[in-house]
Amino acid sequence: TVAVKPVVVWKGQRVLQNPSNTELADLIGLRAAPNRAAHDLVVVGAGPGGLAAAVYAASEGLSTIVLDAFATGGQAATSSQIENYLGFPAGITGGELADRAVVQARKFGAVFTIPGEATSLRQADGYHVVGLAEGDDLIAHAVLVATGVRYRRLDIPGTDRLEGSSVYYAATEFEAQLCRQDPVTVVGGGNSAGQAACFLARRSPVVNLVIRHDDLGRDMSHYLADRVEQSPRIKVWRNSEVCELIGDDELSEVLVRDLHTHKEQRIATSALFVLIGSAPHTGWLQGEIPLDAKGFVLTGPAADGQDGMFGTRRHGVFAVGDVRSGSVKRVASAVGEGSVVIRQVHEFLAAEGRR
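Be aware that the sequence shown starts at 96, since it is given in our numbering, and climbs by one per residue.
I should point out that these hints are in silico values taken from the structure, not numbers from a laboratory.
Incorrect hints may appear among the rest.
Simulated restraints, written as ranges between beta carbons of each label pair [to be verified]:
id, residue 1, residue 2, range
1, Leu273, Glu447, 47 to 55 Å
2, Thr356, Glu229, 51 to 59 Å
3, Leu273, Pro252, 44 to 52 Å
4, Ala120, His355, 44 to 52 Å
5, Gln218, Asn179, 34 to 42 Å
6, Asn179, Gln272, 46 to 54 Å
7, Lys389, Lys106, 58 to 66 Å
8, Thr356, Glu118, 46 to 54 Å
9, Asp121, Arg245, 32 to 40 Å
Remember, it's a predicted structure, so these values are computed and weren't measured experimentally.
Glycine included, each C-beta is placed from N, C-alpha and C at the ideal position.
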């Protein structure tokens, strides 16, 4: 018999072959057992907005459970340095910010089920029912959608072959150590790409930043664009795109095309960091909650919502953070929305006589 890798041996007693994240989480006790009682609030998504909502909801006495399909922190957790968040003048990593928020929420009694992927939302007997990928259901008086967004991939030759070894969608200390002293390439013109380029330049001798236009400050904060421009290790490729990844088992070069002249040039690189935006994670809401043309959740007047600025058309279902149509895609904004929405949740529960 050939064992299926990886193999996990737990305390010398249980053996799991190629376990899923959910199986591992259950094994070591990370996931809370499903509770059939109705929760005051189910928060779907553990990014900054969802975590802020969990802290304020739990601290104000609401029975709160938080779900996330992957991990706490959302997209913010992949940021190597957040320097424009109030109260952290020296910056803070997204992962550390998320970890602190989890500690706060748990201190007040919030329960976390991670991984716990929401796959459906329906109504039954006056309650909201969130279906989980594991087959369980969570029953709630109110639901907060804070599922954020998912990374966009580059659909170019070589991505499928090299994505597992050399293509990354975050620039953390782990990825930086893997790159060591090798040249790297970052694709994207927003704050995430600028932060990644500056962070990687601490170790890599050359960081190639590829943007599709010529104005670095168009989508990037002014302070960050200045820092990129002033770094002697960062080379900005304007009006350009990466059109092919070259290498057998590992990335060795990228092919960069000038969008004006169509001239192509090979650039030596050991890793590619793709930070080109994202798409909302709202597939599980299709047909249940109104979405805009791009798939973001409509709230407030745009959705004929009954529960204030963050209410959706469905009474008792709210949305905050990046997943919400028209929101400001910033950590501080998501935290603010997650904090404020709890006032509207309280008003809904009181109006329904559920508090």
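Evaluation of the provided hints:
no.: 1; hint: Leu273 <-> Glu447: 47 to 55 Å; result: holds, 51 Å
no.: 2; hint: Thr356 <-> Glu229: 51 to 59 Å; result: holds, 53 Å
no.: 3; hint: Leu273 <-> Pro252: 44 to 52 Å; result: violated, 23 Å
no.: 4; hint: Ala120 <-> His355: 44 to 52 Å; result: holds, 50 Å
no.: 5; hint: Gln218 <-> Asn179: 34 to 42 Å; result: holds, 40 Å
no.: 6; hint: Asn179 <-> Gln272: 46 to 54 Å; result: violated, 25 Å
no.: 7; hint: Lys389 <-> Lys106: 58 to 66 Å; result: violated, 47 Å
no.: 8; hint: Thr356 <-> Glu118: 46 to 54 Å; result: holds, 52 Å
no.: 9; hint: Asp121 <-> Arg245: 32 to 40 Å; result: violated, 24 Å
Violated hints, listed in ascending order, are 3, 6, 7 and 9; each of the other numbered hints is respected by the structure.
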